[in-house]
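Make a model of the complete structure from these sequences and hints.
Going line by line, the protein sequences match chains C and D. Taking our numbering, the leading residue of the first sequence gets 30, the next gets one more, and so forth. Taking our numbering, the leading residue of the second sequence gets 103, the next gets one more, and so forth.
Hints listed in this document are in silico derivations from the structure and should not be mistaken for laboratory results. For every residue, glycine included, the Cβ atom is placed at its ideal position computed from N, Cα and C. There may be inaccurate statements among the hints.
Claimed, not checked - When the alpha-carbon atoms are kept at most 20 angstroms apart in a straight line, the in silico DMTMM-like pairs for lysine to aspartate or glutamate are as follows:
id, chain 1, residue 1, chain 2, residue 2
1, C, 64, C, 33
2, C, 141, D, 558
3, C, 141, D, 563
4, C, 253, C, 210
5, D, 375, C, 50
6, D, 375, C, 52
7, D, 375, C, 82
8, C, 141, D, 464
Unchecked claim - Simulated restraints on C-beta separations:
id, chain 1, residue 1, chain 2, residue 2, range
9, C, 268, D, 569, 32 to 42 angstroms
10, D, 563, C, 313, 32 to 42 angstroms
11, C, 34, D, 553, 45 to 55 angstroms
Said to hold, decoys possible - Residues of chain C clear of chain D, computed beta-carbon distances all greater than 12 angstroms:
id, residue
12, 69
13, 196
14, 343
15, 350
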Amino acid sequence: MAIEKMALAKAINASLRTAMEDDAKVLVIGEDVGKLGGVFRVTDGLQKDFGEERVIDSPLAESGIVGTAIGLALRGYRPVVEIQFDGFVFPAYDQIVTQLAKMHARALGTVKLPVVIRIPYGGGIGAVEHHSESPEALFAHVAGLKCVSPSTPADAYWMLQQAIHSDDPVIFFEPKRRYWDKGEVSLPDSGFAAGSAIPMPLHEARVAREGTDLTLAAYGPMVKTCLEVAAAAAEEGTSLEVVDLRSMSPIDFDTVQRSVEKTGRLVVVHEAPVFYGSGGEIAARITERCFYHLEAPVLRVGGFHAPYPPARLEEEYLPNLDRVLDAVDRALAY
Amino acid sequence: MTESTAARDPRRSSKRTSGSDGGSASAASASASATAAPTAPAHAPAAPAKKAAAKKTPAGKAPAKKAAAKKAAKSAAAKKTAAKKAPAKKAPGKKAPAKKAPGKKAPAKKAPARKAAQSAPAAPTAALAGGSELVQLLTPEGERVAHPDYAVDPSPEELRGLYRDMVLTRRFDAEAVTLQRQGELGLWPSLLGQEAAQVGSGRATRADDYVFPTYREHGVAWCRGVDPTLLLGMFRGVNNGGWDPNSNNFHLYTIVIGSQTLHATGYAMGVAKDGADSAVVAYFGDGASSQGDVAEAFTFASVYNAPVVFFCQNNQWAISEPTERQSRVPLYHRAAGYGFPGVRVDGNDVLAVLAVTRKALEHARSGQGPMLVEAYTYRMGAHTTSDDPTRYRSDDERAAWEAKDPILRLRTLLEREGLADAAFFAALDEESDALAKRVREAIRTMENPEPMAIFENIYADGHAVVDEERARYAAYQASFADHDADHAGAAGKGH
Numbered sequence: 030m031a032i033e034k035m036a037l038a039k040a041i042n043a044s045l046r047t048a049m050e051d052d053a054k055v056l057v058i059g060e061d062v063g064k065l066g067g068v069f070r071v072t073d074g075l076q077k078d079f080g081e082e083r084v085i086d087s088p089l090a091e092s093g094i095v096g097t098a099i100g101l102a103l104r105g106y107r108p109v110v111e112i113q114f115d116g117f118v119f120p121a122y123d124q125i126v127t128q129l130a131k132m133h134a135r136a137l138g139t140v141k142l143p144v145v146i147r148i149p150y151g152g153g154i155g156a157v158e159h160h161s162e163s164p165e166a167l168f169a170h171v172a173g174l175k176c177v178s179p180s181t182p183a184d185a186y187w188m189l190q191q192a193i194h195s196d197d198p199v200i201f202f203e204p205k206r207r208y209w210d211k212g213e214v215s216l217p218d219s220g221f222a223a224g225s226a227i228p229m230p231l232h233e234a235r236v237a238r239e240g241t242d243l244t245l246a247a248y249g250p251m252v253k254t255c256l257e258v259a260a261a262a263a264e265e266g267t268s269l270e271v272v273d274l275r276s277m278s279p280i281d282f283d284t285v286q287r288s289v290e291k292t293g294r295l296v297v298v299h300e301a302p303v304f305y306g307s308g309g310e311i312a313a314r315i316t317e318r319c320f321y322h323l324e325a326p327v328l329r330v331g332g333f334h335a336p337y338p339p340a341r342l343e344e345e346y347l348p349n350l351d352r353v354l355d356a357v358d359r360a361l362a363y
Numbered sequence: 103m104t105e106s107t108a109a110r111d112p113r114r115s116s117k118r119t120s121g122s123d124g125g126s127a128s129a130a131s132a133s134a135s136a137t138a139a140p141t142a143p144a145h146a147p148a149a150p151a152k153k154a155a156a157k158k159t160p161a162g163k164a165p166a167k168k169a170a171a172k173k174a175a176k177s178a179a180a181k182k183t184a185a186k187k188a189p190a191k192k193a194p195g196k197k198a199p200a201k202k203a204p205g206k207k208a209p210a211k212k213a214p215a216r217k218a219a220q221s222a223p224a225a226p227t228a229a230l231a232g233g234s235e236l237v238q239l240l241t242p243e244g245e246r247v248a249h250p251d252y253a254v255d256p257s258p259e260e261l262r263g264l265y266r267d268m269v270l271t272r273r274f275d276a277e278a279v280t281l282q283r284q285g286e287l288g289l290w291p292s293l294l295g296q297e298a299a300q301v302g303s304g305r306a307t308r309a310d311d312y313v314f315p316t317y318r319e320h321g322v323a324w325c326r327g328v329d330p331t332l333l334l335g336m337f338r339g340v341n342n343g344g345w346d347p348n349s350n351n352f353h354l355y356t357i358v359i360g361s362q363t364l365h366a367t368g369y370a371m372g373v374a375k376d377g378a379d380s381a382v383v384a385y386f387g388d389g390a391s392s393q394g395d396v397a398e399a400f401t402f403a404s405v406y407n408a409p410v411v412f413f414c415q416n417n418q419w420a421i422s423e424p425t426e427r428q429s430r431v432p433l434y435h436r437a438a439g440y441g442f443p444g445v446r447v448d449g450n451d452v453l454a455v456l457a458v459t460r461k462a463l464e465h466a467r468s469g470q471g472p473m474l475v476e477a478y479t480y481r482m483g484a485h486t487t488s489d490d491p492t493r494y495r496s497d498d499e500r501a502a503w504e505a506k507d508p509i510l511r512l513r514t515l516l517e518r519e520g521l522a523d524a525a526f527f528a529a530l531d532e533e534s535d536a537l538a539k540r541v542r543e544a545i546r547t548m549e550n551p552e553p554m555a556i557f558e559n560i561y562a563d564g565h566a567v568v569d570e571e572r573a574r575y576a577a578y579q580a581s582f583a584d585h586d587a588d589h590a591g592a593a594g595k596g597h
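Below, the structure is given as structure tokens:
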């Protein structure tokens, strides 16, 4: 194990590299992933090292990318495809929902679909329309898919390893506003497959900060925001626990439950619109599990039921320190 | 990143396509080369019109045309309509466009009136038959005819085998329709009329090839060795697929229109990466040709030079919509825009389909990339058992196609040439009955899945929500056990 400090985007790059070194069946496919290294440079240098047969610049057609990835998976490959931005995934939505998610069941388990779909998602980068969305609930709602989102470089590295090794399709949501955040990553000496110690299961939540008064649950880009909230609250004498869910399908309700049984209050935070969002699912399940522990209703902080706003308004739309603190105050007021 | 097909295709520079730089539109519609030979990519920028015309002349004498002429009278009315609407786009003097006009169905692409007039007697028939570019090796009258680019020389045994495949496929299909009427199946998409398209193409594949079907490829499944009773499960509602695609290299039926063409293309990309010389066949229909996924499949297959044959069964109807609602050019012309060859074959002629598909597969296998085959056929039955074709098409149309029945014409040949005797036909009748019986028995003994099957095979590696819901539902189910036991007990006491 070598410990290296690197940005989240670089960790994904390193993870792809490890996976491709480990297994010749791993392919990287997407728009501009080759020579350019992806619009965020996440795949930088991979084509140079692994060649055009394995790092494949695709035609500009998302359904085609996912549809052919399904075919490649049926042939025994493990494609890792990149959708350039969250808002561009929808041409592929049909293939993802009607084919990728259901083919294993349709085949009564006789075929596996080890396809990873990487999607840079979320806002906060001042982008134009369709470049800042958080569509995770639309995928988490679909049986047959798994959805995860790392919040740190270490998770980005390891969770992508695990996603690639999964025999199920995994939608890998990358918090694009955190691409440049740095953190320590324990890199295996000899590749994932060689039996390096996996830090934790892919779909397990992590307590990112311990606290006693209230639980903040978040994933991806909002984990950092919640940690900042917890730090600010601590100055005011309030102790917040932060749970990094890491996985949106499945969700590790056990960890959230344990936390809520301790704190008695839960606020769920995500960038995605609150309405029909994952926060609603978490609120319902935790209410059922922790009814007698809850001191307040589960509250949610997230985007509005509005199209993602123009960049000059996104700070109003995205949950931030003040909006989360406001919800914390409301929950504590019960 | 990938070399273009042009760069890889040594035939690109063949004399058929060299020295010309005309508009590809006229090339596509006028040049027989597009149709005639996979060796002459349809997209080749215009074989010079004259050359094409010259080449066409012998084709004009081909028996296919003769057959067409015979029937001209039948559909004179249809032809007239076509002629009237013909736009004056095509260069005069080329005969091909007029012949290609699909007749009454394609308002958009009529041949110029002038041309239509020139070829007046042939046009209507050609339209009905799919145009003069149609590759045909066995006429509806059961006569063997030659084609300059495609040939098969099946032994009597092979001919009998193809006949048997088609007869058994039709019988299986008819039995399934009956079973639906009897309530044993919820739905059935009949392949009636498409037996030659399916058996011809299915028999062209090798064991190591891979097939991606729609939901109507019962004849292809038969040729691939899939137990026909397995096809019934999804239509009975006991599963959503129900066979292991890898056991016969026959993928699951796909219901979302056109999706499987991308899977086929991706699979073929994998085949190429593996350095294997297998090929992949993607089945789809005239309706699917409008789907974006099919367009994307063409693009991916083309730019990656994937060894996939796109096999389109143009059965003229996408439920109630005729092919002219999908396209204003013959479907096989679509290939030209993507840079690979397209060919239209008489989909009711099992020999032509066999020959064309073999050649297309060979094309794919030999590293030349994809090819589009449009099997021009007709869906004799309803779209599915839930459909009522009398609402949108005429009996006359059906009757015209009935005369071109794929099975009948091969039987005519077998009988006339003395290639099969009465004993063969009698034995086949018996075999058909036995198959039908086996299918009936299979369906009547097909068990409903256990309720807990809902939770099976959703994920390969499991999922906590599924586990939780399974456990809860099992507990819920179990909660009835005592009640049922009590109830049974009470009943036992004469309640």
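Here's how the hints hold up against the structure:
1. Taking the CA atoms of residue 64/C and residue 33/C, the gap is about 26 angstroms. The hint is violated against a cut of 20 angstroms.
2. Annotation: proposed proximity of residue 141/C to residue 558/D holds, straight-line Cα distance about 14 angstroms (limit 20 angstroms).
3. The hinted pair formed by residue 141/C and residue 563/D meets the criterion: a straight-line CA distance of about 10 angstroms does not exceed 20 angstroms.
4. About 10 angstroms separates the Cα atoms of residue 253/C and residue 210/C, which keeps this hinted pair within 20 angstroms; it holds.
5. For the suggested pair residue 375/D and residue 50/C, the alpha carbons sit about 17 angstroms apart, so the restraint of at most 20 angstroms is met.
6. At roughly 14 angstroms between alpha-carbon atoms, residue 375/D and residue 52/C fall within 20 angstroms of each other, so this suggested pair holds.
7. Only pairs whose Cα atoms come within 20 angstroms are accepted, and residue 375/D paired with residue 82/C is accepted, the gap being roughly 7 angstroms.
8. Between the alpha carbons of residue 141/C and residue 464/D the distance comes to roughly 30 angstroms, so the proposed pair goes past 20 angstroms and is violated.
9. A hinted range of 32 to 42 angstroms for the beta carbons of residue 268/C and residue 569/D is consistent with their spacing of about 33 angstroms.
10. As the Cβ distance of residue 563/D to residue 313/C is approximately 25 angstroms, the hint placing it in 32 to 42 angstroms is violated.
11. Between residue 34/C and residue 553/D the beta carbon distance is about 53 angstroms. The supplied range of 45 to 55 angstroms therefore holds.
12. Look at residue 69/C: its CB is around 19 angstroms from the nearest CB on chain D, clear of 12 angstroms, so calling it non-interface holds up.
13. With a closest Cβ-Cβ approach of about 4 angstroms to chain D, residue 196/C is found to fall inside the 12 angstroms limit, against its non-interface label.
14. Listed as a non-interface residue, residue 343/C keeps its Cβ farther than 12 angstroms from every Cβ of chain D; the least gap is roughly 31 angstroms.
15. In this structure residue 350/C is separated from chain D by more than 12 angstroms, as the shortest Cβ-Cβ distance comes to about 32 angstroms.
In this structure, the earlier hints numbered 1, 8, 10, 13 are contradicted, and the remaining ones agree with it.
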